[in-house]
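J.: If you count the sequence shown from 1, position 373 lands on 404 in the working numbering, and the numbers rise without skipping.
By construction, these hints were calculated from the structure, which means they are not laboratory data.
FRET-style restraints, in silico, Cβ to Cβ:
1. D546 <-> A312: 46 to 56 Å
2. S160 <-> R61: 33 to 43 Å
3. E544 <-> P144: 51 to 61 Å
4. P511 <-> V37: 56 to 66 Å
5. L271 <-> G72: 19 to 29 Å
6. R402 <-> K528: 19 to 29 Å
7. R491 <-> A315: 42 to 52 Å
8. D138 <-> T275: 39 to 49 Å
9. T444 <-> L271: 53 to 63 Å
10. T426 <-> A315: 39 to 49 Å
11. A516 <-> T444: 21 to 31 Å
Yeah, the Cβ is synthetic: ideal placement off N, Cα and C, and Gly gets one too.
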Amino acid sequence: MLALSVVLPMGLLGAVSALDRHLTYSAARREVQTTLDLVAGHARNVLQMQNVVLGAADRHFFGQPDHQILDNASANHGYARLLRKYAGETLRLIVFNADGLALVDSDLEHADPSFDVSDREFFRVHRTSAVSDIYISGPSNSRADGKPVFFVSLRRSSPDGQFVGVIVIGVEHRIMFDFWGSDLPDPNAAAALIKADGTYLVRKPAISLNNGKSVSAKGQLEFLIDSRQERKVQQGVSPLDQVTRLFAYRHVNAFPVLVTYGVPLDSVLASWRLRLGIHLAIGATVSLVLVLVVLHVRRRAIELQDLNLSLERRVEERTAEIRANDKRIRLLAREVDHRAKNALAVVQSILRMTPKKDVNRYAREVEGRVRALAHAQTLLSKAKWKGVNLRDILTAEFNAFISDEGRFHHQVTLTGAEVMLPAVATQPVAMIFHELATNAMKYGALSTTAGRLAVSWWIRIERPPNASTLLVQWDESGGPRLDGAPRSHGFGWRMLKSLIQTQLHGSFTARWESDGVKYDIQIPLETQRDH
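Please take these sequences and the hints and turn them into a complete structure.
T.: What follows is the structure in C-alpha coordinates.
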(Lines of atoms letter the chains of each structure in order from A and count residues from 1; the text may use other names and numbers.)
(Lines give C-alpha, C1' and ligand atoms only; values in the text may rest on other atoms or scores of the structure.)
Protein backbone atom coordinates (compact mmCIF):
# COMPACT_ATOMS: atom_id res chain seq x y z
CA MET A 1 0.00 0.00 0.00
CA LEU A 2 2.81 2.38 0.83
CA ALA A 3 4.54 1.57 -2.46
CA LEU A 4 1.32 1.99 -4.43
CA SER A 5 0.64 5.30 -2.67
CA VAL A 6 3.80 6.64 -4.31
CA VAL A 7 3.93 4.66 -7.58
CA LEU A 8 0.34 5.20 -8.73
CA PRO A 9 0.23 9.03 -8.49
CA MET A 10 3.69 9.33 -10.04
CA GLY A 11 2.77 6.90 -12.82
CA LEU A 12 -0.35 8.89 -13.58
CA LEU A 13 1.71 12.08 -13.46
CA GLY A 14 4.20 10.63 -15.97
CA ALA A 15 1.42 9.62 -18.37
CA VAL A 16 -0.30 13.02 -18.14
CA SER A 17 3.00 14.88 -18.62
CA ALA A 18 3.94 12.73 -21.62
CA LEU A 19 0.55 13.39 -23.23
CA ASP A 20 0.85 17.11 -22.43
CA ARG A 21 4.30 17.21 -24.05
CA HIS A 22 2.94 15.49 -27.16
CA LEU A 23 0.03 17.94 -27.38
CA THR A 24 2.42 20.88 -26.84
CA TYR A 25 4.57 19.70 -29.76
CA SER A 26 1.50 19.20 -31.95
CA ALA A 27 0.18 22.68 -31.17
CA ALA A 28 3.64 24.18 -31.85
CA ARG A 29 3.85 22.42 -35.23
CA ARG A 30 0.44 23.74 -36.23
CA GLU A 31 1.43 27.25 -35.14
CA VAL A 32 4.67 27.03 -37.16
CA GLN A 33 2.71 26.04 -40.28
CA THR A 34 0.10 28.75 -39.76
CA THR A 35 2.70 31.47 -39.15
CA LEU A 36 4.79 30.21 -42.10
CA ASP A 37 1.77 30.80 -44.36
CA LEU A 38 1.40 34.29 -42.86
CA VAL A 39 5.07 35.10 -43.55
CA ALA A 40 4.78 33.74 -47.10
CA GLY A 41 1.64 35.79 -47.73
CA HIS A 42 3.35 38.99 -46.58
CA ALA A 43 6.41 38.29 -48.73
CA ARG A 44 4.16 37.61 -51.74
CA ASN A 45 2.34 40.91 -51.20
CA VAL A 46 5.62 42.84 -50.95
CA LEU A 47 7.05 41.26 -54.11
CA GLN A 48 3.76 41.59 -55.98
CA MET A 49 3.67 45.30 -55.21
CA GLN A 50 7.18 45.69 -56.60
CA ASN A 51 6.25 43.68 -59.68
CA VAL A 52 3.29 45.98 -60.33
CA VAL A 53 5.39 49.13 -59.85
CA LEU A 54 8.18 47.86 -62.12
CA GLY A 55 5.66 46.95 -64.82
CA ALA A 56 4.06 50.39 -64.67
CA ALA A 57 7.45 52.12 -64.88
CA ASP A 58 8.54 49.95 -67.82
CA ARG A 59 5.38 50.80 -69.76
CA HIS A 60 5.84 54.51 -69.02
CA PHE A 61 9.47 54.72 -70.21
CA PHE A 62 9.19 52.18 -73.04
CA GLY A 63 10.50 53.52 -76.33
CA GLN A 64 11.81 56.78 -74.83
CA PRO A 65 15.48 57.51 -75.69
CA ASP A 66 17.81 58.60 -72.88
CA HIS A 67 17.90 62.26 -73.94
CA GLN A 68 14.10 62.49 -73.94
CA ILE A 69 13.94 60.98 -70.44
CA LEU A 70 16.55 63.51 -69.22
CA ASP A 71 14.79 66.41 -70.92
CA ASN A 72 11.57 65.57 -69.02
CA ALA A 73 13.40 65.03 -65.71
CA SER A 74 10.85 66.85 -63.53
CA ALA A 75 7.83 65.09 -65.01
CA ASN A 76 9.54 61.69 -64.90
CA HIS A 77 10.59 62.26 -61.30
CA GLY A 78 6.99 63.13 -60.44
CA TYR A 79 5.78 59.91 -62.05
CA ALA A 80 8.38 57.85 -60.17
CA ARG A 81 7.39 59.62 -56.97
CA LEU A 82 3.73 58.73 -57.58
CA LEU A 83 4.71 55.08 -58.02
CA ARG A 84 6.57 55.18 -54.74
CA LYS A 85 3.56 56.68 -52.97
CA TYR A 86 1.39 53.98 -54.51
CA ALA A 87 3.75 51.43 -52.98
CA GLY A 88 3.38 53.00 -49.55
CA GLU A 89 6.67 54.98 -49.49
CA THR A 90 8.57 51.73 -48.81
CA LEU A 91 10.49 51.49 -52.08
CA ARG A 92 13.10 53.51 -53.97
CA LEU A 93 12.72 53.39 -57.76
CA ILE A 94 15.61 54.24 -60.11
CA VAL A 95 15.81 53.99 -63.90
CA PHE A 96 19.28 53.34 -65.42
CA ASN A 97 20.51 53.52 -69.02
CA ALA A 98 22.46 50.86 -70.92
CA ASP A 99 25.73 52.05 -69.31
CA GLY A 100 24.37 51.67 -65.78
CA LEU A 101 24.00 55.41 -65.14
CA ALA A 102 20.95 56.87 -63.38
CA LEU A 103 18.31 58.63 -65.49
CA VAL A 104 15.34 58.92 -63.08
CA ASP A 105 15.31 58.68 -59.28
CA SER A 106 12.10 58.65 -57.22
CA ASP A 107 14.01 60.33 -54.35
CA LEU A 108 15.81 63.04 -56.37
CA GLU A 109 14.24 65.44 -58.86
CA HIS A 110 17.43 65.27 -60.95
CA ALA A 111 19.13 61.88 -60.83
CA ASP A 112 22.83 61.81 -59.91
CA PRO A 113 24.63 61.27 -63.27
CA SER A 114 27.57 59.66 -61.43
CA PHE A 115 25.34 56.98 -59.84
CA ASP A 116 26.73 53.88 -61.61
CA VAL A 117 25.42 50.31 -61.11
CA SER A 118 27.14 48.66 -64.06
CA ASP A 119 29.06 46.43 -61.62
CA ARG A 120 25.92 45.25 -59.82
CA GLU A 121 24.74 41.65 -60.22
CA PHE A 122 21.28 42.58 -61.48
CA PHE A 123 22.73 44.86 -64.18
CA ARG A 124 25.07 42.15 -65.51
CA VAL A 125 22.24 39.59 -65.57
CA HIS A 126 19.83 41.83 -67.52
CA ARG A 127 22.54 42.98 -69.95
CA THR A 128 23.43 39.40 -70.91
CA SER A 129 19.92 37.90 -70.81
CA ALA A 130 16.80 38.81 -72.76
CA VAL A 131 14.48 37.42 -70.09
CA SER A 132 11.70 39.90 -69.35
CA ASP A 133 10.80 38.60 -65.88
CA ILE A 134 11.79 40.43 -62.73
CA TYR A 135 15.12 39.50 -61.16
CA ILE A 136 15.76 39.44 -57.43
CA SER A 137 19.33 40.01 -56.26
CA GLY A 138 21.20 40.88 -53.14
CA PRO A 139 21.54 41.36 -50.33
CA SER A 140 23.74 44.42 -50.26
CA ASN A 141 24.12 47.89 -48.79
CA SER A 142 22.50 50.78 -50.63
CA ARG A 143 25.05 53.09 -52.23
CA ALA A 144 22.63 55.96 -51.65
CA ASP A 145 22.21 55.74 -47.86
CA GLY A 146 24.12 52.63 -46.74
CA LYS A 147 21.00 50.77 -45.54
CA PRO A 148 20.83 46.97 -46.00
CA VAL A 149 18.63 46.18 -49.01
CA PHE A 150 17.93 43.61 -51.68
CA PHE A 151 17.06 44.56 -55.25
CA VAL A 152 14.14 43.73 -57.52
CA SER A 153 14.82 44.73 -61.11
CA LEU A 154 13.38 44.58 -64.64
CA ARG A 155 15.17 44.71 -68.01
CA ARG A 156 14.49 47.76 -70.23
CA SER A 157 14.31 46.82 -73.87
CA SER A 158 13.90 48.87 -77.02
CA PRO A 159 11.00 48.16 -79.43
CA ASP A 160 13.36 45.89 -81.38
CA GLY A 161 14.38 43.98 -78.21
CA GLN A 162 17.79 45.60 -77.63
CA PHE A 163 19.04 46.20 -74.06
CA VAL A 164 18.65 49.86 -73.12
CA GLY A 165 18.95 49.70 -69.31
CA VAL A 166 17.23 48.47 -66.16
CA ILE A 167 14.59 49.63 -63.69
CA VAL A 168 15.48 48.85 -60.08
CA ILE A 169 13.65 48.92 -56.76
CA GLY A 170 15.68 48.81 -53.57
CA VAL A 171 13.76 47.05 -50.80
CA GLU A 172 14.99 47.87 -47.29
CA HIS A 173 15.34 44.99 -44.83
CA ARG A 174 13.30 46.98 -42.31
CA ILE A 175 10.14 46.34 -44.37
CA MET A 176 10.38 42.66 -43.49
CA PHE A 177 11.68 43.32 -39.95
CA ASP A 178 8.75 45.61 -39.14
CA PHE A 179 6.23 42.93 -40.10
CA TRP A 180 8.12 40.08 -38.43
CA GLY A 181 8.62 42.10 -35.27
CA SER A 182 4.96 43.09 -34.86
CA ASP A 183 2.91 40.22 -36.31
CA LEU A 184 4.85 37.05 -35.44
CA PRO A 185 3.46 35.36 -32.28
CA ASP A 186 6.88 34.44 -30.81
CA PRO A 187 9.40 37.30 -30.39
CA ASN A 188 12.24 34.76 -30.35
CA ALA A 189 11.20 33.17 -33.65
CA ALA A 190 13.48 33.05 -36.69
CA ALA A 191 12.18 34.06 -40.13
CA ALA A 192 13.98 34.44 -43.43
CA LEU A 193 13.44 35.33 -47.10
CA ILE A 194 15.74 33.23 -49.31
CA LYS A 195 16.40 33.09 -53.05
CA ALA A 196 15.77 29.83 -54.87
CA ASP A 197 19.54 29.26 -55.11
CA GLY A 198 19.85 29.33 -51.30
CA THR A 199 21.08 32.91 -50.86
CA TYR A 200 19.63 34.74 -47.87
CA LEU A 201 17.92 38.04 -48.72
CA VAL A 202 16.69 38.94 -45.21
CA ARG A 203 16.85 37.05 -41.93
CA LYS A 204 15.61 37.55 -38.36
CA PRO A 205 17.61 37.37 -36.10
CA ALA A 206 19.79 39.51 -38.36
CA ILE A 207 23.12 38.19 -39.64
CA SER A 208 25.75 39.82 -41.85
CA LEU A 209 24.49 39.43 -45.44
CA ASN A 210 26.69 41.92 -47.30
CA ASN A 211 28.00 39.27 -49.68
CA GLY A 212 25.11 36.82 -49.36
CA LYS A 213 25.15 33.65 -47.31
CA SER A 214 24.02 30.31 -48.74
CA VAL A 215 22.12 27.66 -46.83
CA SER A 216 24.51 25.17 -45.21
CA ALA A 217 24.86 21.97 -47.22
CA LYS A 218 24.76 20.04 -43.95
CA GLY A 219 21.58 21.73 -42.64
CA GLN A 220 18.13 20.20 -42.35
CA LEU A 221 16.70 22.96 -44.55
CA GLU A 222 18.58 21.80 -47.65
CA PHE A 223 17.32 18.26 -47.09
CA LEU A 224 13.72 19.53 -46.94
CA ILE A 225 14.16 21.68 -50.07
CA ASP A 226 15.78 18.86 -52.06
CA SER A 227 12.98 16.47 -51.09
CA ARG A 228 10.31 19.16 -51.75
CA GLN A 229 8.70 18.72 -48.33
CA GLU A 230 7.10 22.15 -48.09
CA ARG A 231 5.39 23.06 -44.77
CA LYS A 232 6.76 19.90 -43.12
CA VAL A 233 7.85 20.87 -39.60
CA GLN A 234 11.25 19.51 -38.54
CA GLN A 235 13.45 19.90 -35.49
CA GLY A 236 17.06 20.84 -36.03
CA VAL A 237 20.01 23.00 -35.01
CA SER A 238 20.50 26.14 -37.12
CA PRO A 239 24.01 26.21 -38.66
CA LEU A 240 23.92 30.03 -38.39
CA ASP A 241 23.38 30.51 -34.63
CA GLN A 242 23.38 26.93 -33.22
CA VAL A 243 19.83 27.32 -31.83
CA THR A 244 17.57 24.24 -31.82
CA ARG A 245 14.25 25.09 -33.46
CA LEU A 246 11.04 23.65 -34.88
CA PHE A 247 11.02 25.02 -38.42
CA ALA A 248 9.54 24.65 -41.91
CA TYR A 249 9.80 26.30 -45.31
CA ARG A 250 7.62 27.02 -48.34
CA HIS A 251 7.96 28.76 -51.69
CA VAL A 252 6.37 32.14 -52.36
CA ASN A 253 3.85 31.71 -55.15
CA ALA A 254 4.88 33.15 -58.53
CA PHE A 255 8.34 34.29 -57.35
CA PRO A 256 11.74 32.50 -57.26
CA VAL A 257 12.07 32.85 -53.48
CA LEU A 258 11.09 30.89 -50.41
CA VAL A 259 10.48 31.70 -46.77
CA THR A 260 11.39 29.86 -43.58
CA TYR A 261 9.99 30.17 -40.08
CA GLY A 262 11.09 28.50 -36.87
CA VAL A 263 10.54 28.78 -33.12
CA PRO A 264 13.16 27.90 -30.48
CA LEU A 265 12.53 24.56 -28.81
CA ASP A 266 13.04 26.23 -25.42
CA SER A 267 10.12 28.57 -26.13
CA VAL A 268 7.92 25.66 -27.18
CA LEU A 269 8.64 23.71 -24.00
CA ALA A 270 8.60 26.63 -21.53
CA SER A 271 4.89 26.38 -20.74
CA TRP A 272 5.07 22.58 -20.59
CA ARG A 273 7.89 22.75 -18.05
CA LEU A 274 5.81 25.11 -15.91
CA ARG A 275 2.88 22.70 -15.98
CA LEU A 276 5.23 19.82 -15.22
CA GLY A 277 6.29 21.60 -12.03
CA ILE A 278 2.64 22.05 -11.06
CA HIS A 279 1.97 18.37 -11.78
CA LEU A 280 4.93 17.35 -9.61
CA ALA A 281 3.66 19.46 -6.73
CA ILE A 282 0.17 17.95 -7.01
CA GLY A 283 1.54 14.41 -7.33
CA ALA A 284 3.77 14.83 -4.28
CA THR A 285 0.85 16.20 -2.24
CA VAL A 286 -1.47 13.35 -3.26
CA SER A 287 1.22 10.75 -2.49
CA LEU A 288 1.84 12.27 0.95
CA VAL A 289 -1.88 12.26 1.77
CA LEU A 290 -2.23 8.64 0.66
CA VAL A 291 0.80 7.56 2.68
CA LEU A 292 -0.61 9.24 5.78
CA VAL A 293 -3.98 7.54 5.23
CA VAL A 294 -2.30 4.13 4.80
CA LEU A 295 -0.20 4.61 7.94
CA HIS A 296 -3.27 5.65 9.87
CA VAL A 297 -5.20 2.55 8.73
CA ARG A 298 -2.25 0.31 9.62
CA ARG A 299 -2.00 1.78 13.09
CA ARG A 300 -5.70 1.30 13.69
CA ALA A 301 -5.48 -2.32 12.54
CA ILE A 302 -2.69 -3.05 15.03
CA GLU A 303 -4.70 -1.49 17.88
CA LEU A 304 -7.74 -3.60 16.97
CA GLN A 305 -5.68 -6.80 17.00
CA ASP A 306 -4.56 -6.09 20.58
CA LEU A 307 -8.11 -5.96 21.97
CA ASN A 308 -9.36 -8.60 24.44
CA LEU A 309 -10.87 -11.78 23.04
CA SER A 310 -14.06 -10.99 24.91
CA LEU A 311 -14.53 -8.04 22.55
CA GLU A 312 -14.02 -10.18 19.45
CA ARG A 313 -17.50 -9.54 18.06
CA ARG A 314 -17.15 -5.82 18.65
CA VAL A 315 -13.73 -5.87 17.03
CA GLU A 316 -15.18 -7.57 13.96
CA GLU A 317 -17.99 -5.03 13.75
CA ARG A 318 -15.54 -2.19 14.21
CA THR A 319 -13.23 -3.61 11.57
CA ALA A 320 -16.09 -3.86 9.08
CA GLU A 321 -17.05 -0.26 9.84
CA ILE A 322 -13.49 0.93 9.30
CA ARG A 323 -13.28 -0.89 5.98
CA ALA A 324 -16.56 0.63 4.86
CA ASN A 325 -15.35 4.09 5.87
CA ASP A 326 -12.08 3.51 4.03
CA LYS A 327 -13.98 2.58 0.86
CA ARG A 328 -16.08 5.73 1.10
CA ILE A 329 -12.92 7.82 1.64
CA ARG A 330 -11.32 6.33 -1.47
CA LEU A 331 -14.44 6.96 -3.54
CA LEU A 332 -14.58 10.55 -2.30
CA ALA A 333 -10.87 11.04 -2.98
CA ARG A 334 -11.28 9.80 -6.57
CA GLU A 335 -14.27 12.08 -7.13
CA VAL A 336 -12.43 15.10 -5.72
CA ASP A 337 -9.38 14.22 -7.81
CA HIS A 338 -11.53 13.95 -10.95
CA ARG A 339 -13.21 17.34 -10.37
CA ALA A 340 -9.89 19.00 -9.54
CA LYS A 341 -8.21 17.65 -12.68
CA ASN A 342 -11.05 18.90 -14.89
CA ALA A 343 -10.87 22.39 -13.37
CA LEU A 344 -7.06 22.46 -13.56
CA ALA A 345 -7.13 21.31 -17.20
CA VAL A 346 -9.38 24.23 -18.17
CA VAL A 347 -7.29 26.74 -16.18
CA GLN A 348 -4.09 25.36 -17.74
CA SER A 349 -5.63 25.75 -21.19
CA ILE A 350 -6.50 29.40 -20.40
CA LEU A 351 -2.98 30.08 -19.11
CA ARG A 352 -1.40 28.44 -22.15
CA MET A 353 -3.60 30.01 -24.84
CA THR A 354 -3.80 33.60 -23.54
CA PRO A 355 -1.20 35.86 -25.31
CA LYS A 356 1.69 36.76 -22.98
CA LYS A 357 3.34 39.75 -24.66
CA ASP A 358 2.01 42.26 -22.10
CA VAL A 359 2.23 41.07 -18.47
CA ASN A 360 -0.51 43.38 -17.13
CA ARG A 361 -2.86 42.60 -20.00
CA TYR A 362 -2.09 38.89 -19.59
CA ALA A 363 -3.01 39.07 -15.89
CA ARG A 364 -6.28 40.92 -16.61
CA GLU A 365 -7.35 38.59 -19.37
CA VAL A 366 -6.50 35.45 -17.39
CA GLU A 367 -8.35 36.84 -14.34
CA GLY A 368 -11.47 37.60 -16.44
CA ARG A 369 -11.51 34.16 -18.08
CA VAL A 370 -10.93 32.34 -14.80
CA ARG A 371 -13.71 34.44 -13.21
CA ALA A 372 -16.09 33.44 -16.03
CA LEU A 373 -15.08 29.82 -15.47
CA ALA A 374 -15.69 30.21 -11.73
CA HIS A 375 -19.18 31.66 -12.33
CA ALA A 376 -20.03 28.67 -14.52
CA GLN A 377 -18.57 26.29 -11.91
CA THR A 378 -20.73 27.91 -9.20
CA LEU A 379 -23.90 27.60 -11.29
CA LEU A 380 -23.10 23.97 -12.06
CA SER A 381 -22.48 23.23 -8.40
CA LYS A 382 -25.82 24.76 -7.39
CA ALA A 383 -27.57 22.65 -10.04
CA LYS A 384 -25.70 19.51 -8.88
CA TRP A 385 -24.01 19.27 -12.33
CA LYS A 386 -27.31 18.56 -14.12
CA GLY A 387 -27.30 21.64 -16.34
CA VAL A 388 -27.63 25.45 -16.17
CA ASN A 389 -30.19 27.93 -17.49
CA LEU A 390 -28.75 29.99 -20.38
CA ARG A 391 -30.24 33.23 -18.99
CA ASP A 392 -28.42 32.62 -15.67
CA ILE A 393 -25.10 32.31 -17.52
CA LEU A 394 -25.67 35.57 -19.42
CA THR A 395 -26.83 37.41 -16.29
CA ALA A 396 -23.81 36.24 -14.31
CA GLU A 397 -21.43 37.29 -17.08
CA PHE A 398 -22.89 40.80 -17.53
CA ASN A 399 -23.07 41.31 -13.75
CA ALA A 400 -19.30 40.96 -13.71
CA PHE A 401 -19.05 44.15 -15.85
CA ILE A 402 -21.79 46.22 -14.16
CA SER A 403 -20.48 49.15 -12.10
CA ASP A 404 -21.90 50.35 -8.79
CA GLU A 405 -24.09 52.84 -10.68
CA GLY A 406 -25.59 50.04 -12.79
CA ARG A 407 -24.19 51.52 -15.98
CA PHE A 408 -25.09 48.63 -18.30
CA HIS A 409 -28.59 47.86 -16.94
CA HIS A 410 -30.29 50.05 -19.56
CA GLN A 411 -27.86 49.11 -22.36
CA VAL A 412 -28.26 45.32 -22.41
CA THR A 413 -31.45 43.46 -23.43
CA LEU A 414 -31.80 39.68 -22.97
CA THR A 415 -34.64 37.96 -24.83
CA GLY A 416 -35.31 34.23 -25.02
CA ALA A 417 -37.11 31.21 -23.66
CA GLU A 418 -35.94 29.05 -20.76
CA VAL A 419 -33.11 26.90 -22.16
CA MET A 420 -31.26 24.36 -20.00
CA LEU A 421 -27.71 23.78 -21.22
CA PRO A 422 -26.12 20.36 -20.65
CA ALA A 423 -23.41 20.39 -17.96
CA VAL A 424 -20.62 19.68 -20.46
CA ALA A 425 -21.56 22.78 -22.52
CA THR A 426 -21.91 25.22 -19.60
CA GLN A 427 -18.25 26.20 -19.17
CA PRO A 428 -17.53 26.66 -22.95
CA VAL A 429 -20.71 28.75 -23.38
CA ALA A 430 -19.74 30.90 -20.37
CA MET A 431 -16.28 31.47 -21.88
CA ILE A 432 -17.86 32.40 -25.27
CA PHE A 433 -20.09 35.10 -23.76
CA HIS A 434 -17.21 36.34 -21.60
CA GLU A 435 -15.11 36.93 -24.74
CA LEU A 436 -18.00 38.63 -26.57
CA ALA A 437 -18.91 40.82 -23.56
CA THR A 438 -15.26 41.79 -22.98
CA ASN A 439 -14.87 42.79 -26.64
CA ALA A 440 -18.14 44.78 -26.55
CA MET A 441 -17.03 46.64 -23.43
CA LYS A 442 -13.53 47.43 -24.78
CA TYR A 443 -14.24 48.18 -28.42
CA GLY A 444 -17.92 47.73 -29.19
CA ALA A 445 -21.35 48.98 -28.15
CA LEU A 446 -20.70 48.88 -24.38
CA SER A 447 -17.62 51.08 -24.72
CA THR A 448 -19.93 54.13 -24.90
CA THR A 449 -23.02 55.12 -22.96
CA ALA A 450 -25.01 55.46 -26.19
CA GLY A 451 -24.35 51.88 -27.27
CA ARG A 452 -26.92 49.09 -27.05
CA LEU A 453 -26.58 45.32 -26.98
CA ALA A 454 -29.44 42.89 -27.70
CA VAL A 455 -28.96 39.16 -27.06
CA SER A 456 -31.75 36.83 -28.16
CA TRP A 457 -31.96 33.05 -28.39
CA TRP A 458 -34.35 30.26 -29.28
CA ILE A 459 -34.42 26.52 -29.96
CA ARG A 460 -34.79 25.08 -33.46
CA ILE A 461 -36.00 21.48 -33.85
CA GLU A 462 -34.74 19.59 -36.90
CA ARG A 463 -37.23 17.06 -38.31
CA PRO A 464 -35.97 14.49 -38.87
CA PRO A 465 -34.05 13.49 -36.73
CA ASN A 466 -35.78 15.63 -34.05
CA ALA A 467 -32.46 17.12 -32.95
CA SER A 468 -32.47 20.48 -31.17
CA THR A 469 -30.12 23.37 -31.97
CA LEU A 470 -29.56 26.48 -29.85
CA LEU A 471 -29.56 29.67 -31.97
CA VAL A 472 -28.15 32.89 -30.47
CA GLN A 473 -28.10 36.38 -32.02
CA TRP A 474 -25.66 38.95 -30.63
CA ASP A 475 -26.58 42.42 -31.97
CA GLU A 476 -24.48 45.52 -31.09
CA SER A 477 -25.54 49.01 -32.15
CA GLY A 478 -24.85 52.64 -31.31
CA GLY A 479 -21.17 52.04 -30.55
CA PRO A 480 -18.08 53.27 -32.42
CA ARG A 481 -18.60 53.24 -36.20
CA LEU A 482 -17.09 50.25 -38.03
CA ASP A 483 -15.46 50.38 -41.45
CA GLY A 484 -15.97 46.71 -42.27
CA ALA A 485 -14.32 43.51 -41.09
CA PRO A 486 -10.92 43.81 -39.38
CA ARG A 487 -7.89 42.95 -41.49
CA SER A 488 -6.67 40.46 -38.92
CA HIS A 489 -8.10 38.66 -35.94
CA GLY A 490 -6.60 38.36 -32.48
CA PHE A 491 -6.52 35.66 -29.86
CA GLY A 492 -10.16 36.25 -28.78
CA TRP A 493 -11.36 35.40 -32.29
CA ARG A 494 -9.30 32.19 -32.36
CA MET A 495 -10.67 31.22 -28.93
CA LEU A 496 -14.28 31.77 -30.16
CA LYS A 497 -13.63 29.53 -33.16
CA SER A 498 -12.04 26.85 -30.97
CA LEU A 499 -14.85 26.91 -28.38
CA ILE A 500 -17.76 26.98 -30.87
CA GLN A 501 -16.48 24.87 -33.73
CA THR A 502 -14.10 22.40 -32.08
CA GLN A 503 -15.39 21.99 -28.53
CA LEU A 504 -19.15 22.49 -29.07
CA HIS A 505 -19.24 21.26 -32.72
CA GLY A 506 -21.25 24.36 -33.67
CA SER A 507 -20.84 27.25 -36.07
CA PHE A 508 -20.96 31.03 -36.10
CA THR A 509 -20.90 33.95 -38.50
CA ALA A 510 -19.96 37.57 -37.91
CA ARG A 511 -21.13 40.68 -39.74
CA TRP A 512 -19.28 43.96 -39.24
CA GLU A 513 -21.96 46.52 -40.06
CA SER A 514 -21.42 50.25 -39.69
CA ASP A 515 -23.41 50.56 -36.44
CA GLY A 516 -21.90 47.49 -34.74
CA VAL A 517 -20.90 43.85 -35.01
CA LYS A 518 -23.51 41.05 -35.27
CA TYR A 519 -22.90 37.40 -34.41
CA ASP A 520 -25.12 34.41 -35.29
CA ILE A 521 -24.20 31.34 -33.23
CA GLN A 522 -25.52 27.78 -33.61
CA ILE A 523 -24.83 25.05 -31.01
CA PRO A 524 -26.24 21.50 -31.48
CA LEU A 525 -27.55 20.52 -28.03
CA GLU A 526 -27.89 16.81 -28.81
CA THR A 527 -24.15 16.62 -29.46
CA GLN A 528 -23.49 18.09 -25.99
CA ARG A 529 -25.83 15.63 -24.30
CA ASP A 530 -24.08 12.72 -26.03
CA HIS A 531 -20.91 13.76 -24.24
